[in-house]
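Colleague: Chain by chain, the residues:
2 protein chains.
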Amino acid sequence: MTAETLVNSKLVCVALNDKEQLATLEATFNEAPYKKPPTQPVLYYKPRNTWNRNGAEIEWAKDFDGSDVPAMAVGTSLGVVIGKETCRVSAEEALDYVGGYTIVSDFSLPEQNYYRPDIKGKCLDTTAPVGPEIVTADKITNPETLSVSISVNGEQKSVVELANMERSVAELISIISRIMTLQAGEIIAVGFAGNRVPVAKGDKVESSIEGIGTLSNTLGGA
Amino acid sequence: MTAETLVNSKLVCVALNDKEQLATLEATFNEAPYKKPPTQPVLYYKPRNTWNRNGAEIEWAKDFDGSDVPAMAVGTSLGVVIGKETCRVSAEEALDYVGGYTIVSDFSLPEQNYYRPDIKGKCLDTTAPVGPEIVTADKITNPETLSVSISVNGEQKSVVELANMERSVAELISIISRIMTLQAGEIIAVGFAGNRVPVAKGDKVESSIEGIGTLSNTLGGA
Chain A
1 MTAETLVNSK LVCVALNDKE QLATLEATFN EAPYKKPPTQ PVLYYKPRNT WNRNGAEIEW
61 AKDFDGSDVP AMAVGTSLGV VIGKETCRVS AEEALDYVGG YTIVSDFSLP EQNYYRPDIK
121 GKCLDTTAPV GPEIVTADKI TNPETLSVSI SVNGEQKSVV ELANMERSVA ELISIISRIM
181 TLQAGEIIAV GFAGNRVPVA KGDKVESSIE GIGTLSNTLG GA
Chain B
1 MTAETLVNSK LVCVALNDKE QLATLEATFN EAPYKKPPTQ PVLYYKPRNT WNRNGAEIEW
61 AKDFDGSDVP AMAVGTSLGV VIGKETCRVS AEEALDYVGG YTIVSDFSLP EQNYYRPDIK
121 GKCLDTTAPV GPEIVTADKI TNPETLSVSI SVNGEQKSVV ELANMERSVA ELISIISRIM
181 TLQAGEIIAV GFAGNRVPVA KGDKVESSIE GIGTLSNTLG GA
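Protein sequences, first through last, are from chains A and B. Heads up: the first sequence is residues 1 to 222, going by UniProt numbering. Heads up: the second sequence is residues 1 to 222, going by UniProt numbering.
It is worth saying that the hints were derived from the structure and are not from the lab. No experiment lies behind these values; they were computed from the predicted model shown. Glycine included, each C-beta is placed from N, C-alpha and C at the ideal position. It is possible that part of the hints are untrue.
[What the hints assert, rightly or not] To be clear about the criterion: a stretch of chain A counts as covered by chain B if any three or more of its residues have a C-beta under 8 Å from a C-beta of chain B, and this derived list gives those stretches:
1. 38 to 51
2. 123 to 136
3. 169 to 181
[Unchecked claim] For lysine to aspartate or glutamate, the following EDC-like pairs were computed, each having C-alpha atoms within a straight-line distance of at most 20 Å:
4. 139(B) <-> 96(B)
5. 36(A) <-> 31(B)
6. 35(B) <-> 31(A)
7. 84(B) <-> 133(B)
8. 62(A) <-> 171(B)
9. 35(A) <-> 31(B)
10. 84(A) <-> 125(B)
11. 201(A) <-> 65(A)
12. 139(A) <-> 210(A)
13. 19(A) <-> 166(A)
14. 35(A) <-> 111(B)
Just chain A, same shape as in the assembly (with noise of 0.2 Å):
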């Protein structure tokens, strides 16, 4: 566990918010179970044991047996700052509340499926490093033109502009607080490529948003 974190309590990532990813998934959402797809956004959180900051080594994950997982995926979201107590409030004046901008992004085992909560791939130590700062939300006018592009050793793997997400950065702050207060410092990571981008032990990983920066770390193992 890293001590140095920009993290306040809570890390709150929301899944499912890529309407291209939604647009491919749509036949298995109308199988059994659900036979329809999210009607509410599906959450997860990154626990304390997973929060780490910009510059420091995520650990190569280990399998139950403690031999080294054979893959990892990694995406990455722009962070909402939660800037003061939300509670209820609604979309149209959801930006209020927002406290600044950051990055965060989200390393983790490769998704075997959509339906158990994948606490197991979520979880591992280190995994979610928020930064590389938080830019005060004054400094951004609009999150949705925002987008966020990922390189693996210096080599562009993902763009994805915000305008893509199914729910926007003010919907989202306004559903989730109905179902959770939330407080000042807590970080709200709206979205995520469907497709992660594969890494490897050793890799350099940075991800950046213009206006807020770019976030890198390496991975271990190596």
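Fit chain B to the known structure of chain A by using the hints.
Modeller: Relative to chain A, chain B alone:
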């Protein structure tokens, strides 16, 4: 959110650890998409906004539109308090990492199904009281000999023998410590009865474990 809490940074709950419940669900598990019962413990978190203490009011939950939810239910578990950093320990040595024991109640919306991560029903503000205190580990020689009882308004509604857990406290600590590193003060709620106890506004709920104490809370909204 209640400032006073016995929880330090993480409250992990184990779902589906009741042998009787697993037997009841066997037919369901054998259908699509799983086609077999869970092979690993199913975990969920109670995040910080849920943490509460003995004697405090549990807020009656509200729906998305702000109206009161029609029904809530409670389950109670032995709470295992981690005593020191715990990473990849064997079941044989796992109890050496326990600092103490307490009681964890989980007030939630009645469960709809076992497929989707039930974030909405599990992360309601103030719904995870912990207490009344932490009893040091040396006071409890074998946690599997304990039983957990729940009374509502003085009438006993549920008694569960911890001997009926699918996985023991030691097995759970061993498995979870291979998924994520646990820190001193973090709490694992090792298992709840499959049948949650329905509660109404204004109900007084008392959960007891012999040798640990009684955790007492009242539902709000009355």
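Colleague: Against each hint, give a clear statement of whether it holds in the structure.
Modeller: Hint-by-hint comparison with the structure:
no. : hint              : verdict
1   : 38 to 51          : holds (count 10)
2   : 123 to 136        : holds (count 3)
3   : 169 to 181        : holds (count 5)
4   : 139(B) <-> 96(B)  : 13 Å, holds
5   : 36(A) <-> 31(B)   : 18 Å, holds
6   : 35(B) <-> 31(A)   : 14 Å, holds
7   : 84(B) <-> 133(B)  : 18 Å, holds
8   : 62(A) <-> 171(B)  : 18 Å, holds
9   : 35(A) <-> 31(B)   : 14 Å, holds
10  : 84(A) <-> 125(B)  : 16 Å, holds
11  : 201(A) <-> 65(A)  : 19 Å, holds
12  : 139(A) <-> 210(A) : 11 Å, holds
13  : 19(A) <-> 166(A)  : 5 Å, holds
14  : 35(A) <-> 111(B)  : 18 Å, holds
Taken one by one, the earlier hints all hold for this structure without exception.
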